[in-house]
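K.L.:
Next come the chains, spelled out residue by residue.
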Amino acid sequence: MYTFSSKLKTFSFALMILGLIGVAYGFLSTPSSVEDVKVMLQNSHDSHGEVAANHDVDTHVVEADAHGAEQTESAHSDDTHAEHAFHYLKNKPWSALYVALFFFFMISLGALAFYAIQHAAQAGWSVVLFRVMEGITAYLPVGAILLFVFFVLSSLHMNHLFVWMDPEVVAHDELIQNKAGYLNVPFFLIRAAIYMAGWVWYRQHSRKLTLAQDNATDISNYTKLFKRSAAFLVFFLVTESMMSWDWIMSLDPHWYSTLFGWYVFASMIVSAITTIALVSIYLKGKGYLEFVNNSHLHDLAKFMFGFSIFWTYLWFSQFMLIWYADIPEEVTYFVSRFNEYKIPFLGMLVLNFVFPLLVLMNSDFKRVNWFIVCTGIVILIGHYIDIYVMVMPATVGDQWFIGISEISSVLLVLGIFIYVVFTALSKAPLLAKGNPFIKESEQFHY
Amino acid sequence: MSSKVIQAMYNDDDILMDAVKEVRAAHYHIEEVYTPFPVHGLDKAMGLKGTRIAITAFMYGCVGFSFAVWMMNYMMIEQWPQDIGGKPSFSFFLNMPAFVPIMFELSVFFAAHLMVITFYMRSRLWPFKEAENPDPRTTDDMFVMEVAVDGNESDLVSFLEKTGTVEIKVTEKH
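Chains as they are written, first to last, in the UniProt record's numbering: chain A, 1 to 446; chain B, 1 to 174.
Certain hints may be false.
Claimed, not checked - Below, computed lysine-lysine pairings styled on DSS-like, alpha-carbon distance capped at 25 Å:
{"#": "1", "chain 1": "A", "residue 1": "Lys439", "chain 2": "B", "residue 2": "Lys44"}
{"#": "2", "chain 1": "B", "residue 1": "Lys162", "chain 2": "B", "residue 2": "Lys21"}
{"#": "3", "chain 1": "A", "residue 1": "Lys302", "chain 2": "A", "residue 2": "Lys286"}
{"#": "4", "chain 1": "B", "residue 1": "Lys162", "chain 2": "A", "residue 2": "Lys302"}
{"#": "5", "chain 1": "B", "residue 1": "Lys129", "chain 2": "B", "residue 2": "Lys44"}
{"#": "6", "chain 1": "A", "residue 1": "Lys7", "chain 2": "A", "residue 2": "Lys208"}
{"#": "7", "chain 1": "A", "residue 1": "Lys227", "chain 2": "A", "residue 2": "Lys208"}
{"#": "8", "chain 1": "A", "residue 1": "Lys342", "chain 2": "B", "residue 2": "Lys87"}
{"#": "9", "chain 1": "A", "residue 1": "Lys286", "chain 2": "A", "residue 2": "Lys439"}
{"#": "10", "chain 1": "A", "residue 1": "Lys7", "chain 2": "A", "residue 2": "Lys427"}
{"#": "11", "chain 1": "A", "residue 1": "Lys9", "chain 2": "A", "residue 2": "Lys284"}
{"#": "12", "chain 1": "A", "residue 1": "Lys302", "chain 2": "B", "residue 2": "Lys44"}
Note that these hints are calculated values from the structure, not bench results.
Starting from the given sequences, assemble the full structure and let the hints guide the process.
P.N.:
In structure tokens, the structure reads:
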């Protein structure tokens with residue numbers, strides 16, 4: 001039995017409190033009106049040079065006199081620019097929270113998919129890690145509630161992340177009108193509820209079955225779990241794909257990509273496996289997993305390596321097909337990312353591909369704990385940035401910045417994640433001893 | 001020093017593994033072991049060093065990658081930078097996504113083929129090469145351990161007889 005160390009508990013509470021303060025600060029420091037944004041923009045112009053300031057004053061004077069079409073034009077574009085920036089800045093703390101909520105939810109959902117794959121494939125090596133995976137998926141119900149509340153708030157127009165939820169935008173946008181059969185608020189919420197209910201149901205059910213199997217005399221729970229896992233994988237594949245359209249792709253309702261669901265899945269599964277490896281190494285370091293040997297970690301590291309490359313493959317396939325054909329309606333997605341998000345957009349390729357490729361290629365390195373931990377942290381940061389670059393260009397545009405809102409949102413959700421996961425780990429023995437493959441798994445070596 | 005070897009035959013890979021461990025513990029020198037199929041852990045029991053072929057494959061892959069980059073840059077950017085369907089041929093990086101499939105395939109091609117050729121050369125395999133197995137049964141169901149005779153021959157034979165061998169042959173080294 002694992003006991004949740006009070007140190008880690010305090011740490012998770014500290015993260016939550018720190019995160020909460022930062023998130024609150026992020027919401028309070030958004031500008032309250034377009035005028036504020038104008039002042040802010042002007043100040044930033046002033047700091048750039050006096051010429052810009054003079055120009056601004058000139059145009060305002062001319063605007064007041066209503067003289068000269070050219071100048072009023074530029075003043076008008078100043079106004080719309082300020083209004084855009086205002087909406088973006090209003091969205092910024094919401095988007096930061098959304099990226100963090102989705103990121104940790106995705107980790108736990110990916111761990112659930114990996115767990116179901118291990119059951120359906122009757123894998124022999126991973127049985128000793130099942131309780132770790134179950135611990136990580138314990139965040140799933142909590143994360144689902146948080147995300148669902150977020151979606152309800154979005155549909156109540158508390159924020160402006162999903163532009164298709166705004167009737168005024170839809171009224172002037174024929175493209176969105178044509179998608180209104182799918183992209184409408186009630187259907188969106190019903191779909192989200194169905195996905196989440198299905199995932200959470202499988203999670204709770206599988207947990208119940210493995211715990212029952214621990215003290216069972218036959219393997220009926222195990223066979224039931226095998227069948228449920230296979231069925232869940234079918235359900236997951238469909239819902240995961242639709243989830244990625246609903247929750248991420250609909251942020252850019254004018255754009256679509258067919259392999260987007262797979263791409264999100266790749267990000268999900270690699271982050272989940274990395275988290276499984278990190279939690280296992282932590283618990284083993286504390287002496288709770290003496291039946292996990294470095295061959296198990298080697299296998300996890302191989303999965304991290306393989307799925308990192310799989311993620312890159314999908315990233316590149318999506319990017320290259322759109323770049324190559326260069327159809328204007330599709331390519332805007334990458335144009336905005338290339339122009340305004342160059343460093344995170346290209347930097348995540350280094351974090352998610354080049355670094356794991358070079359570090360985890362060597363078989364010996366995959367058995368060294370601190371190598372796995374270092375690469376794991378890099379991979380997790382890389383995939384956070386991946387989600388960031390999926391969400392932010394649609395919601396905050398050129399006003400992005402990884403500042404207090406973003407970091408404290410991550411800290412807040414990380415604190416909840418750690419608290420929930422390690423509480424769940426302390427609820428059950430860390431060895432699923434009823435599983436028929438447990439002997440094979442304990443003796444597994446590569 | 002004589003050039004004699006003793007060929008001890010076994011009909012089970014578990015017995016062979018135990019025999020290899022005993023012979024090594026008694027400090028006799030195992031020349032070679034012939035098996036019909038890969039025996040898991042035999043290389044460890046014999047104390048053979050790990051292979052470095054993966055390292056060569058990595059280097060060959062780097063060569064292939066560099067070759068592809070050089071080739072595409074030379075042909076598409078330097079030699080005759082035509083406008084083909086509006087693709088930006090001003091610099092390598094502007095047009096790089098279009099070259100990636102070739103860069104990838106050539107890395108794999110070089111890594112795979114040169115590694116296989118390295119394997120053939122290091123293990124001395126080629127067409128019309130004369131087969132080296134000491135007994136045709138080693139390709140079917142027999143395992144043969146060759147131990148060099150160094151000193152007392154009858155001692156070694158009686159030692160090997162106790163390791164579960166089914167047949168022992170003393171031959172000149174070929």
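K.L.:
None of the hints should be skipped; say for each whether it holds.
P.N.:
Now for the hints, and whether the structure bears them out:
no., hint, result
1, Lys439(A) / Lys44(B), "24 Å, holds"
2, Lys162(B) / Lys21(B), "13 Å, holds"
3, Lys302(A) / Lys286(A), "23 Å, holds"
4, Lys162(B) / Lys302(A), "43 Å, violated"
5, Lys129(B) / Lys44(B), "28 Å, violated"
6, Lys7(A) / Lys208(A), "29 Å, violated"
7, Lys227(A) / Lys208(A), "15 Å, holds"
8, Lys342(A) / Lys87(B), "21 Å, holds"
9, Lys286(A) / Lys439(A), "23 Å, holds"
10, Lys7(A) / Lys427(A), "18 Å, holds"
11, Lys9(A) / Lys284(A), "18 Å, holds"
12, Lys302(A) / Lys44(B), "23 Å, holds"
Comparing the model with each numbered hint stated earlier shows that hints 4, 5 and 6 do not hold.
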